[in-house]
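One-letter residues, chain by chain:
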Amino acid sequence: MTDSILKLEGVHTHIGHYHILHGVDFEVPKNQTTMLLGRNGAGKSTTLRTIMSLWTDVQGKITYDGKDIVGMSTPKIACDGIAYVPEDMGIFGQLTVKENMVIAARNGEMDTQRLEWIFNFFPALKKFWTKPAGKLSGGQKQMLAVARAIIEPRKLLLVDEPSKGLAPSIIDNMRDAFLELKKDQTMLLVEQNFNFAKAVGDTVCVMDDGKIVHSGSMQELIEDEELQGKLLGLSMDSHQ
Amino acid sequence: MNVAADTLTEDNISLGQKVAGWFTTPQAKVFLLVLVGSYVWGVIRAVGFDDSMGAGDWTINWIELFLAGITMGLLLFLMASGMTLVFGLMGVFNLAHGAFIALGAYVGYQAIIWIDRATQVTKMVEIIPGLKASATLRVVELGWFYNDSLGLTTLTFVIGIVAAAVVAGLLGFFFERIMIKPVYNNPLNQILVTMGGSIILAELILAFWHGETPAFPRPDFIAGKWFVADIGIEKVRVLAGVIGFIVFVVMNAILNKTKIGLLIRAGVESQEMVEVHGYRIKLLFIAVFVSAIALAASGGVIFGLFEEAVHVHMAESILIMVIVAIIVGGMGSVKGCFYGSLLITLVNNFANALAPAVAGEASTVLLMIAVLMWRPEGIDPITSH
Numbered sequence: 001m002t003d004s005i006l007k008l009e010g011v012h013t014h015i016g017h018y019h020i021l022h023g024v025d026f027e028v029p030k031n032q033t034t035m036l037l038g039r040n041g042a043g044k045s046t047t048l049r050t051i052m053s054l055w056t057d058v059q060g061k062i063t064y065d066g067k068d069i070v071g072m073s074t075p076k077i078a079c080d081g082i083a084y085v086p087e088d089m090g091i092f093g094q095l096t097v098k099e100n101m102v103i104a105a106r107n108g109e110m111d112t113q114r115l116e117w118i119f120n121f122f123p124a125l126k127k128f129w130t131k132p133a134g135k136l137s138g139g140q141k142q143m144l145a146v147a148r149a150i151i152e153p154r155k156l157l158l159v160d161e162p163s164k165g166l167a168p169s170i171i172d173n174m175r176d177a178f179l180e181l182k183k184d185q186t187m188l189l190v191e192q193n194f195n196f197a198k199a200v201g202d203t204v205c206v207m208d209d210g211k212i213v214h215s216g217s218m219q220e221l222i223e224d225e226e227l228q229g230k231l232l233g234l235s236m237d238s239h240q
Numbered sequence: 001m002n003v004a005a006d007t008l009t010e011d012n013i014s015l016g017q018k019v020a021g022w023f024t025t026p027q028a029k030v031f032l033l034v035l036v037g038s039y040v041w042g043v044i045r046a047v048g049f050d051d052s053m054g055a056g057d058w059t060i061n062w063i064e065l066f067l068a069g070i071t072m073g074l075l076l077f078l079m080a081s082g083m084t085l086v087f088g089l090m091g092v093f094n095l096a097h098g099a100f101i102a103l104g105a106y107v108g109y110q111a112i113i114w115i116d117r118a119t120q121v122t123k124m125v126e127i128i129p130g131l132k133a134s135a136t137l138r139v140v141e142l143g144w145f146y147n148d149s150l151g152l153t154t155l156t157f158v159i160g161i162v163a164a165a166v167v168a169g170l171l172g173f174f175f176e177r178i179m180i181k182p183v184y185n186n187p188l189n190q191i192l193v194t195m196g197g198s199i200i201l202a203e204l205i206l207a208f209w210h211g212e213t214p215a216f217p218r219p220d221f222i223a224g225k226w227f228v229a230d231i232g233i234e235k236v237r238v239l240a241g242v243i244g245f246i247v248f249v250v251m252n253a254i255l256n257k258t259k260i261g262l263l264i265r266a267g268v269e270s271q272e273m274v275e276v277h278g279y280r281i282k283l284l285f286i287a288v289f290v291s292a293i294a295l296a297a298s299g300g301v302i303f304g305l306f307e308e309a310v311h312v313h314m315a316e317s318i319l320i321m322v323i324v325a326i327i328v329g330g331m332g333s334v335k336g337c338f339y340g341s342l343l344i345t346l347v348n349n350f351a352n353a354l355a356p357a358v359a360g361e362a363s364t365v366l367l368m369i370a371v372l373m374w375r376p377e378g379i380d381p382i383t384s385h
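So the protein sequences, as listed, match chains B and Y.
Take the first sequence: its position 145, counted from the start at 1, is 145 in this note's numbering, and no numbers get skipped.
Take the second sequence: its position 157, counted from the start at 1, is 157 in this note's numbering, and no numbers get skipped.
With the rest of the complex left out, here is chain B (with noise of 0.2 Å):
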């Protein structure tokens, strides 16, 4: 059995009046690609944000690297070692995309080995090192974002739609990018897009709800049309 680095048991979240997760439970395994999947207003995006204590009012058990977060707060589970882009990818745009940078790494100076290899993923960066962040294109912007959460190791990478609102050819790039990256980061991702999400993902998580209601392998999934039809309303035909 694989160890994993966060576990979710019974998490419960409000905001405000509304009662968005009913009892989530799952885990993602260290050293592989968690897809989180599910329809629009599943709670995908909300199990992120009460991961990175960005919701306060939850009820449950997250446990991270062997503690309970639960309570924690945000800059410190960030210190911990959790990178995590947002759905509207959180990008400073009045700042330069090196200060953007320099603000992602913590721990003082960017390793500048590390940012070579960052600038192999994304050239773009290179080229607009300079310049506001704000005037980068939306495929860029996602680059950026991604760029400054790992712009120093982390344990865990959350990602929330990765491949949102990009140019085909982009997305293309934002997978590749992913497949590399995989390679030595744990990483959970919320996706819409079904193609992406098999070919970054290991293992699957599927909500609705606010609850999970499917967990297994990538390679189940994909294998199993039915299952597919059933959970995402979507065959693998359909969403070519």
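If you are wondering where the hints come from, they were derived from the structure by calculation, not from laboratory data.
Since we're looking at a predicted model, the values are computed, not measured.
Glycine included, C-beta positions come from ideal geometry on N, C-alpha and C.
Don't take each hint at face value.
[As the list claims (entries may be wrong)] No more than 20 Å apart at the CA atoms, straight line, and that leaves these computed lysine to aspartate or glutamate pairs for EDC-like:
{"no.": "1", "chain 1": "B", "residue 1": "Lys183", "chain 2": "B", "residue 2": "Asp172"}
{"no.": "2", "chain 1": "Y", "residue 1": "Lys225", "chain 2": "Y", "residue 2": "Glu308"}
{"no.": "3", "chain 1": "B", "residue 1": "Lys61", "chain 2": "B", "residue 2": "Asp80"}
{"no.": "4", "chain 1": "Y", "residue 1": "Lys259", "chain 2": "B", "residue 2": "Glu152"}
{"no.": "5", "chain 1": "Y", "residue 1": "Lys257", "chain 2": "B", "residue 2": "Glu99"}
{"no.": "6", "chain 1": "Y", "residue 1": "Lys235", "chain 2": "Y", "residue 2": "Glu64"}
{"no.": "7", "chain 1": "B", "residue 1": "Lys182", "chain 2": "B", "residue 2": "Asp172"}
{"no.": "8", "chain 1": "Y", "residue 1": "Lys282", "chain 2": "B", "residue 2": "Asp80"}
{"no.": "9", "chain 1": "Y", "residue 1": "Lys259", "chain 2": "B", "residue 2": "Glu99"}
{"no.": "10", "chain 1": "Y", "residue 1": "Lys259", "chain 2": "B", "residue 2": "Asp111"}
{"no.": "11", "chain 1": "Y", "residue 1": "Lys257", "chain 2": "B", "residue 2": "Glu109"}
{"no.": "12", "chain 1": "B", "residue 1": "Lys61", "chain 2": "B", "residue 2": "Glu27"}
{"no.": "13", "chain 1": "B", "residue 1": "Lys76", "chain 2": "Y", "residue 2": "Glu272"}
{"no.": "14", "chain 1": "Y", "residue 1": "Lys259", "chain 2": "B", "residue 2": "Glu109"}
{"no.": "15", "chain 1": "B", "residue 1": "Lys211", "chain 2": "B", "residue 2": "Glu27"}
{"no.": "16", "chain 1": "B", "residue 1": "Lys7", "chain 2": "B", "residue 2": "Asp25"}
{"no.": "17", "chain 1": "B", "residue 1": "Lys182", "chain 2": "B", "residue 2": "Glu116"}
[Unchecked claim] Label pairs and their in silico Cβ distance ranges:
{"no.": "18", "chain 1": "B", "residue 1": "Asn40", "chain 2": "Y", "residue 2": "Lys257", "range": "40 to 46 Å"}
{"no.": "19", "chain 1": "Y", "residue 1": "Thr258", "chain 2": "B", "residue 2": "Glu226", "range": "54 to 60 Å"}
{"no.": "20", "chain 1": "Y", "residue 1": "Lys257", "chain 2": "B", "residue 2": "Glu223", "range": "55 to 61 Å"}
{"no.": "21", "chain 1": "Y", "residue 1": "Val250", "chain 2": "B", "residue 2": "Ser73", "range": "30 to 36 Å"}
{"no.": "22", "chain 1": "B", "residue 1": "His14", "chain 2": "Y", "residue 2": "Gly196", "range": "29 to 35 Å"}
[Said to hold, decoys possible] Residues on chain Y that point at chain B, a partial pick, calculated with CB under 7 Å:
{"no.": "23", "residue": "Leu262"}
{"no.": "24", "residue": "Met273"}
{"no.": "25", "residue": "His277"}
{"no.": "26", "residue": "Gly278"}
{"no.": "27", "residue": "Tyr279"}
{"no.": "28", "residue": "Arg280"}
Assemble chain Y onto chain B, guided by the hints.
Here is chain Y on its own, set in the frame of chain B:
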């Protein structure tokens, strides 16, 4: 790669092109309109309707008003910059800011007067400089502040500024922890709490200083005017302008060259994302709030010397100008606050000279209305940076 064309060419722009480019910005247009408009209006009035003043007299008068407006604007920036930064970063519009300016004026005055009295020595000074006959000498008590020694006066002045900044900063710390912290993200309660805090602080000042409004005369080195040709400018305005400009330069350097400044600029955009990157933004909030109060208090000391009196009601009159400067510049924008402060004091000065009927606060409010009708987000909002 769909990056806007201007981002690809910025590096190739020469200094001349950058300067020329600035003149196309909204802030440049407003300044040009105010400067050229006031000058032309004054010339027409002098030539056509005013027998007591020629165009040449108006030109000298206009330059004096311009210099006075710029220097006063820099002092206003000193007092307003912290408030706009607090709004930009924390989303708190602190209506008690003016009361902290008044507190700074009182504390600075008190510290300076205490030092001056404690260091007083009896001296014989010449009534007519150079004439040392005993009949022309008089006995005076000279302390460190009201002295003919520039060094001692400056030292006392600096101690007064530091005392005002420290006392107001400390009080600001408790104010943020006790009164502001519970109402983050609740704008309506913020208005009530900060307004209430302002009243409490004003009453405390009155109680501590027994309701006095002490005179705060200027020492020799900033009394009177300096003249270049026929153009005169009050020394205290030059002092205020120099200090305000230094604060602007230092603040810009901190915001643009340091990691703390980077985090402040990032926090203005998204507090949440700063926290997601592992930084405790609440600590940044406290540091910025306390610094803003300390800056306001320092400005209060200089404003007290400018007015040659310290009174608790200075809080209200300054607060209106500070708020207008922030709104005209663009809420939360330090650069906008700089432009807004200069613009308001210039308009105020020109309005006093040309149209006394709309002078004072009326001219600043009219300016604010005009700017907001043209650019609802102010002349240099954060989003345009």
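Discussion item. Are any of the numbered hints broken by this structure? If so, which, sorted upward?
Written reply: none
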